[in-house]
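Undergrad: The primary structure of each chain is shown beneath.
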Amino acid sequence: MTTEIGPALWAELLKARRSRLSWISALAFTIAPAVGALIMFVVRNPARARSMGLIADKAAFSGATGDWPGYLALLGQMVAVAGLLVFGMIVIWLFGREFADRTAKDLLALPAARESIVLAKFAVALLWCLLLTVQLCLLGLAFGAALGLPGWSAATAADGLARVLAAAFLTVLLVTPFGLAAGMGRGYLAAVGVMFGTLALAQVVAALGHGAYFPWAVPALLAQVAAETRQAPGPLGYTLVAAVGVAGVLGTASWWRRADHAR
Amino acid sequence: MPDAIKTTDVSKRFGGFPAVDGVSLTVRRGEIYALLGLNGAGKTTLIRMLLGMIRPTSGSARVLGVPVGRDRAVWAKVGYLVEGPTAYPELTVRENLEITRRLRRLPSPRAVDEVMERLSLTPHARAGTLSMGNAQRLALAKALIHRPELLILDEPVNGLDPAGVVEIRTMLLELRDEGVTVFLSSHILAEVARLATRVGIIHGGRLREEFAAADLDSRVRRRLLVATHDNDKAREILAAEGIETLAPPGRQAPNPGPNPDPDPALALPAATPPDRVATVLVHAGCPPTRLAMAEEDLETYFLRTVGAYR
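Sequence lines, in order, name chains A and B.
Under the numbering used here, the first sequence has 123 at position 123, and the numbering climbs by one with no breaks.
Under the numbering used here, the second sequence has 296 at position 296, and the numbering climbs by one with no breaks.
In isolation and in its complexed conformation, chain A is listed as follows (with noise of 0.2 Å):
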């Protein structure tokens, strides 16, 4: 038996570049830094924003103040709140897929373990978000060049994108265990309800405001912080993301190691 993960990574990577999602995730993160820099010029020209209405509303509703401090942090919270959904489409995908399309057999009886398909599509997810990621920031960094955004700073570019890697990173974390869900529910369907179910949660817990202990909140308030210090996640809502991170990638394996594949 062998673990290696080298041609399922080929594989999985093959099918990704494939895929429709891939360009549908690249446009979800590229409208994203979009819509945020609208929220930056509307913020910036309020006479402009009492004309736009709804907008100016809701620009003024996201509390972002109109310099690159409040531009990085509103770029931060997309990435916890939209790449919960964009990163758990793209896991719940990775995995649904093989049973929506019937191919989980073909996985099941060869010389790789399982656990090997498993880690390599983990692999493949985290990479294809921290890319999105990245695109997400660059263009961020144009769109705010471009709208001559006040405040610069290396020292505060450089914190800004920090926290919005690290709240991708921790999202990734948080959407492994769609992959379990995907598998258990043999497609896209159960998982896509765990995930809307998830974030619903997530939203209710946070205004509760015991958002720090509740996984799935805490990206949300890292990026959060840099506006506003409240619910600050602290060493244990780190630990709790850690957790479900590890839970969902050994859970998943488990059960493509374990489960009767009848289907």
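It cannot be assumed that every hint is accurate.
As the list claims (entries may be wrong) - With a cut-off of at most 25 Å between alpha-carbon atoms, the simulated SDA-like pairs for lysine to any residue come out as follows:
| # | chain 1 | residue 1 | chain 2 | residue 2 |
| --- | --- | --- | --- | --- |
| 1 | B | 6 | B | 197 |
| 2 | B | 6 | B | 176 |
| 3 | B | 77 | B | 105 |
| 4 | B | 77 | B | 135 |
| 5 | B | 77 | A | 4 |
| 6 | B | 6 | A | 4 |
| 7 | B | 77 | A | 257 |
| 8 | B | 77 | A | 259 |
| 9 | B | 6 | A | 6 |
| 10 | B | 6 | A | 259 |
| 11 | B | 6 | B | 135 |
| 12 | B | 77 | A | 258 |
| 13 | B | 77 | A | 6 |
| 14 | B | 6 | B | 175 |
Stated by the list, open to error - From the structure, some residues in chain B lie toward chain A, with a derived Cβ separation under 10 Å:
| # | residue |
| --- | --- |
| 15 | 14 |
| 16 | 51 |
| 17 | 91 |
To be verified - Covered stretches of chain A, as calculated for chain B (at least 3 residues, CB under 8 Å):
| # | stretch |
| --- | --- |
| 18 | 10-16 |
| 19 | 90-96 |
For the record, the hints were derived by calculation from the structure and aren't laboratory data.
We put the CB at the ideal spot given by N, CA and C, even for glycine.
Please build the complex by placing chain B on the supplied structure of chain A, with the hints as guidance.
TA: The following block gives chain B in isolation, referenced to the frame of chain A:
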């Protein structure tokens, strides 16, 4: 050399339902073993247990001498096709096979070209656009790419046109001649009759019969068929002479078709001397218009064995 497949009293229950119930079978090296069964008989569950995809509730299975689930290295010698052809639809034929080649750790990229050539596959066609027949060819190519010692095929000729069926049959016979063992499930009985060296019949999760294909001849039911212009009268004549006629089948084979037998016949036990029957009927003024020995084919034998036809 160990048997290619050996199951010992293997069972699988889903909830309370016995999908496979105490099946013990042996497939020897070099055989083409055909497992026959209706839909839901347990064929696919048994095949999935042989491939380690489903854990038996009880009993055990060995593939190429290795207990299933103990050593994954054995899968390097096994090719399989389970429950219809599947492939990644957005990838080309070549890319799908390249994935299989790499996952099977085959060092030579030539393996892809060779198997595409053997199965007449077009490399750049997207798998999602393939006809059912070509999709089946692609699935067989994935099963054959590593030149396995044992092929486990679930309904390998499903969806193929007649030319495709002949092609796959020829290929399987060639593989058998090369020493490959083939374990296949099928409901296309004419194909099985042409291919198999041994046959197992599974029904309700249980292995009902197992026999060498060459022995089918000694198992099938034969009848002497006699047709006359008035079969009711002929039956009375024969009965008066002490010649038994058999009751018509209690349940007809499904879908007799739009053209029922234009020359219905009486059925007599195969041991009845045809010359005596002819003499009796001629002398009674009810001469036979047809006198023939009929024997069951595999399909009829199978249906009778599983109780779908008497």
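Undergrad: Does each hint hold? Answer for all of them.
TA: Verification of the hints:
1. B:6 to B:197: 17 Å, holds
2. B:6 to B:176: Answer holds: residue 6 of chain B to residue 176 of chain B is near 19 Å, not above 25 Å.
3. B:77 to B:105: 12 Å, holds
4. B:77 to B:135: Holds, at roughly 23 Å.
5. B:77 to A:4: 19 Å, holds
6. B:6 to A:4: 31 Å, violated
7. B:77 to A:257: Holds, at roughly 20 Å.
8. B:77 to A:259: 23 Å, holds
9. B:6 to A:6: 34 Å, violated
10. B:6 to A:259: 23 Å, holds
11. B:6 to B:135: Violated, because 30 Å separates the two Cα atoms, which is more than 25 Å.
12. B:77 to A:258: OK: residue 77 of chain B and residue 258 of chain A at ~22 Å, within 25 Å.
13. B:77 to A:6: Roughly 21 Å between the alpha carbons, so the hint for residue 77 of chain B and residue 6 of chain A holds.
14. B:6 to B:175: 21 Å, holds
15. 14: Hint holds; residue 14 of chain B Cβ to chain A Cβ min 7 Å, cut 10 Å.
16. 51: 4 Å, holds
17. 91: Holds, about 6 Å.
18. 10-16: Answer holds; 4 residues pass the 8 Å Cβ test.
19. 90-96: violated (count 0)
In summary, the numbered hints that this structure violates are 6, 9, 11, 19.
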